[in-house]
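**Student:** Residues per chain are reported as follows:
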Amino acid sequence: QKEVEQNSGPLSVPEGAIASLNCTYSDRGSQSFFWYRQYSGKSPELIMSIYSNGDKEDGRFTAQLNKASQYVSLLIRDSQPSDSATYLCAVKSGTGGGADGLTFGKGTHLIIQP
Amino acid sequence: DTAVSQTPKYLVTQMGNDKSIKCEQNLGHDTMYWYKQDSKKFLKIMFSYNNKELIINETVPNRFSPKSPDKAHLNLHINSLELGDSAVYFCASSPRGQGMYAEAFFGQGTRLTVV
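Protein chains in written order, with my numbering: chain A, 160 to 273; chain B, 24 to 138.
If we strip away everything but chain A, and leave its shape as in the complex, we get (with noise of 0.2 Å):
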């Protein structure tokens, strides 16, 4: 069975700071990685994807990803009080064509203190 662990927190960071999440995955056939964001009461909305190993940067976030370890994470730069939710590892498999769905963690919740 395909698992996505993540620390589900709360995760509490100074604004400013650069915050840092993690997330492990249990299938070795993963291809593509997705973080989301979801504000409470809201639908989940995609910050960043990374399909090779090594660091992507998009702004203040950072995906880093190393398929030897299974071991995805994301950073925030300069965190400001609106990063403030729960963000979501995601892994989609390699097998089935593309029409797979996503497999999530359960999330870390991420406060950032003003």
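These are computed hints drawn from the structure, not numbers from a lab. Mixed in with the good hints, there may be bad ones.
[Said to hold, decoys possible] As a list, the in silico DSS-like pairs of lysine-lysine whose alpha-carbon atoms are at most 25 Å apart:
#1 Lys-32/B x Lys-265/A
#2 Lys-64/B x Lys-265/A
#3 Lys-201/A x Lys-59/B
Could you slot chain B onto chain A? The hints should help.
**Tutor:** Below, chain B without anything else, positioned relative to chain A:
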């Protein structure tokens, strides 16, 4: 212009009733999904449809039946509702043409409360 839209946004109903949730996407995507997010916020896939064909059906009770009249619409019908069905149901779509690299775009969700 909403990309993935669901109706209704809120649904309160009694046990034993039958209800439907509708979903439409205007992104031209080939693949649509239903996800369920429980009270602990765990988001789990229920169904996947590609070009009106059911692709996967995770272990969901057969009281839940998805229907796709065309590739832009995916509805969810639930029979004999139970208290445990209370959750937020999200519709999502994905461009299968991008294969395994395609992300999912979510609708705003339908909060179902069974009383």
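**Student:** Each of the hints needs a verdict: does it hold here or not?
**Tutor:** Quick rundown of the hints versus the structure:
Between Lys-32/B and Lys-265/A the CA atoms are separated by roughly 23 Å; this keeps the pair inside 25 Å, and the hint holds. Restraint check: the Cα-Cα separation between Lys-64/B and Lys-265/A comes to about 7 Å, which is no more than 25 Å; the hinted pair holds. For the hint pairing Lys-201/A with Lys-59/B, the CA-to-CA distance comes to about 14 Å; that is within 25 Å, so the pair holds.
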